[in-house]
Amino acid sequence: NAGVTQTPKFRVLKTGQSMTLLCAQDMNHEYMYWYRQDPGMGLRLIHYSVGEGTTAKGEVPDGYNVSRLKKQNFLLGLESAAPSQTSVYFCASSYSIRLSGNTIYFGEGSWLTVV
Amino acid sequence: AQSVTQPDIHITVSEGASLELRCNYSYGATPYLFWYVQSPGQGLQLLLKYFSGDTLVQGIKGFEAEFKRSQSSFNLRKPSVHWSDAAEYFCAVGGPGNEKLTFGTGTRLTIIP
Numbered sequence: 001n002a003g004v005t006q007t008p009k010f011r012v013l014k015t016g017q018s019m020t021l022l023c024a025q026d027m028n029h030e031y032m033y034w035y036r037q038d039p040g041m042g043l044r045l046i047h048y049s050v051g052e053g054t055t056a057k058g059e060v061p062d063g064y065n066v067s068r069l070k071k072q073n074f075l076l077g078l079e080s081a082a083p084s085q086t087s088v089y090f091c092a093s094s095y096s097i098r099l100s101g102n103t104i105y106f107g108e109g110s111w112l113t114v115v
Numbered sequence: 001a002q003s004v005t006q007p008d009i010h011i012t013v014s015e016g017a018s019l020e021l022r023c024n025y026s027y028g029a030t031p032y033l034f035w036y037v038q039s040p041g042q043g044l045q046l047l048l049k050y051f052s053g054d055t056l057v058q059g060i061k062g063f064e065a066e067f068k069r070s071q072s073s074f075n076l077r078k079p080s081v082h083w084s085d086a087a088e089y090f091c092a093v094g095g096p097g098n099e100k101l102t103f104g105t106g107t108r109l110t111i112i113p
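Chains as they are written, first to last, in the working numbering: chain A, 1 to 115; chain B, 1 to 113.
Just so you know, these hints were derived from the structure itself, not from any lab.
Treat each hint with caution, since some may be false.
DSS-like, lysine-lysine: derived pairs with alpha carbons at most 25 Å apart [said to hold, decoys possible]:
hint	chain 1	residue 1	chain 2	residue 2
1	B	100	A	71
2	B	68	B	100
3	A	57	A	71
4	A	70	A	9
5	B	100	A	57
6	A	70	A	57
7	A	70	B	100
8	A	9	A	71
9	A	57	A	9
Okay, chain A solo, but in the shape it has when bound:
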């Protein structure tokens, strides 16, 4: 039972490089999310998707792009990485956008360092 899987788990990038984080879920969930976690900041929502082919901005979307070409996958892209994007990235998914009666499942995180 894989749940939410993120790849890669660790990556070091140079400033200006690009990369894509892949999130895959096997629970047939409609909703998927990308968060970043920084010390003393908690988790902050970057982008989310309410279904295949849709994306929306969250709290901190600048510098990131996302795509949801397949229902089970949600990609987070950094076109030109900056040191400020050094963070731990978490993907999550849920059956419904409604919080009540619903559980959000998180992946194990992707540690990204930009030097």
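Could you slot chain B onto chain A? The hints should help.
Frame of chain A; chain B shown alone:
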């Protein structure tokens, strides 16, 4: 805007002792409240949640939390901690009409023998 405050960055507790982690929230209506746990190198796992009804909520791993509207609080408790409870704990708030979660900054729990 909704917000969550976890005033304790780091708490150290002896194994077998009781635990209380504090969480204060700001939300314009009746909130939905959550506690998540993050073990080292792992994702977040839901411990418990409150939507309505009984203000004392039971969760997994022997945890409970009490919603106190008058104090805007949702403190997490456990009567006797185990070494495996060492982790980071996040409180989160959301609600009907704004179904996205806002997380607190987390409290790191250390257990000493």
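Subject >> Hint numbers contradicted by this structure >> reply: Of the numbered hints given earlier, the structure breaks none, since each of them holds.
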